[in-house]
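Make the full structure from the sequences, and use the hints.
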Amino acid sequence: MPVYNAGDFLVEAIESIRWQSYKNWEMICIDDGSTDKSLKILKDFAKKDKRINVIHSSENQGLAVALNKGLEKAKGEFIARMDADDISLPERFAKQLEFLLKNPHVIAVGSQSELIDEKGDFLGYKKFPCDSQKLYKMMLEMVSIQHPTLMTYAKIMKKYKYENHQTAEDVSMFFKLLQNGDFGNTKEVLFQYRIRKNSNSFKDPKKTFYLTLKSRIKAVRKWGYKPNLKGILVNLAQLFLITVLPKEAILNLYEFLRFRKLGANFSSAKTLRPALIKER
Numbered sequence: 001m002p003v004y005n006a007g008d009f010l011v012e013a014i015e016s017i018r019w020q021s022y023k024n025w026e027m028i029c030i031d032d033g034s035t036d037k038s039l040k041i042l043k044d045f046a047k048k049d050k051r052i053n054v055i056h057s058s059e060n061q062g063l064a065v066a067l068n069k070g071l072e073k074a075k076g077e078f079i080a081r082m083d084a085d086d087i088s089l090p091e092r093f094a095k096q097l098e099f100l101l102k103n104p105h106v107i108a109v110g111s112q113s114e115l116i117d118e119k120g121d122f123l124g125y126k127k128f129p130c131d132s133q134k135l136y137k138m139m140l141e142m143v144s145i146q147h148p149t150l151m152t153y154a155k156i157m158k159k160y161k162y163e164n165h166q167t168a169e170d171v172s173m174f175f176k177l178l179q180n181g182d183f184g185n186t187k188e189v190l191f192q193y194r195i196r197k198n199s200n201s202f203k204d205p206k207k208t209f210y211l212t213l214k215s216r217i218k219a220v221r222k223w224g225y226k227p228n229l230k231g232i233l234v235n236l237a238q239l240f241l242i243t244v245l246p247k248e249a250i251l252n253l254y255e256f257l258r259f260r261k262l263g264a265n266f267s268s269a270k271t272l273r274p275a276l277i278k279e280r
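For the sequence shown, the working numbering assigns the number 1 to the initial residue and increments by one for each residue that follows.
Please note: incorrect hints may appear among the correct ones.
[Stated by the list, open to error] As a list, the in silico EDC-like pairs of lysine to aspartate or glutamate whose alpha-carbon atoms are at most 20 Å apart:
#  : residue 1 : residue 2
1  : K187      : D131
2  : K161      : E91
3  : K155      : E141
4  : K203      : D117
5  : K37       : D8
6  : K226      : D117
7  : K197      : E114
8  : K159      : D182
9  : K43       : E59
10 : K40       : D85
11 : K203      : D85
12 : K187      : E91
13 : K23       : D131
14 : K226      : E98
15 : K197      : D131
16 : K206      : E188
17 : K230      : D131
18 : K155      : E98
19 : K48       : E72
20 : K207      : E248
21 : K134      : D182
22 : K37       : D85
Simulated from the structure, these hints should not be mistaken for laboratory data.
The structure is reproduced here in structure tokens:
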């Protein structure tokens with residue numbers, strides 16, 4: 001779990017792991033130069049729970065560097081991602097482990113998610129397909145597993161490193177993992193994903209898209225990904241829109257298309273990004 005100035009949400013995130021019904025885990029928390037109370041919170045938890053290990057960087061090096069440090073330290077047979085502002089529901093580890101063991105062709109599994117805001121209030125659901133073929137095709141349009149819900153085999157994930165971008169670091173990793181087998185998602189909601197106004201994706205949507213497109217092209221040329229015609233046309237349309245539209249229009253279109261595609265169901269359309277609607 002990478003941590004950077006997440007003090008307002010960190011206790012809840014860690015407690016959600018400590019309350020997992022599956023108890024045989026090690027939590028590696030990488031503090032990436034936090035300047036708030038995050039490091040103190042991590043150290044306090046590490047003192048009372050020996051399963052929690054803390055790695056501290058004196059300066060902020062970025063998400064990819066933090067994730068790679070965690071991969072190097074991981075000792076278990078499986079690796080599960082977690083973010084410092086999200087919540088794993090109690091059955092997450094147990095259900096995902098059961099899924100992987102029952103489906104040997106699947107090498108990485110995510111889950112359905114509830115969406116919450118910065119106050120923890122419910123916004124709706126974010127739904128992903130469960131069929132492996134649909135998930136494969138989907139990767140050329142958007143990631144097919146919500147990144148912090150990922151669980152995979154350590155022996156596979158440790159073969160790779162996250163590429164050091166400020167955003168979209170998950171895309172290239174997913175394409176690398178996809179070379180080793182199928183993806184899956186549980187039908188159950190096992191995660192609460194927090195929507196925050198300072199998300200890296202929201203800060204510079206054009207950069208996020210161009211880095212994502214670069215990873216998609218690399219996947220086809222280098223990693224053997226086989227695109228379909230629909231995926232190619234979607235990318236061309238996205239490239240055109242990203243090039244000609246201003247930031248605000250991109251953000252609104254991104255939310256509409258992305259969550260409509262995933263079948264997201266919101267209690268109120270305006271609750272998803274209230275602080276960003278007037279952002280320039």
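Are the Cα positions of K187 and D131 separated by 20 Å at most? holds (10 Å)
Holds or violated: K203 with D85, Cα cutoff 20 Å? holds (18 Å)
Assess, step by step, whether the Cα of K155 is no farther than 20 Å from the Cα of E98, and give holds or violated. holds (18 Å)
Can you confirm whether the C-alpha distance between K40 and D85 stays at or below 20 Å? holds (16 Å)
Distance restraint between K37 and D8, which requires alpha-carbon spacing of 20 Å or less: holds (9 Å)
K197 paired with E114 [C-alpha distance capped at 20 Å]: holds (17 Å)
Given hint D182 paired with K134 - CA-CA distance at most 20 Å: holds (10 Å)
For the pair supplied as a hint, K37 and D85, is the alpha-carbon distance within the 20 Å limit? holds (14 Å)
Against the 20 Å threshold, does the CA-CA distance of K43 and E59 hold or violate the hint? holds (17 Å)
Is K206 within 20 Å of E188, Cα to Cα? Given that 20 Å is the threshold and the Cα spacing comes to 33 Å, the pair is violated.
Does E91 lie within 20 Å of K187 when you go C-alpha to C-alpha? holds (13 Å)
Is K48 close enough to E72, meaning Cα to Cα at most 20 Å? Violated: K48 and E72 sit about 24 Å apart, past 20 Å.
The structure shown violates the earlier hints numbered 2, 3, 6, 13, 14, 15, 16, 19.
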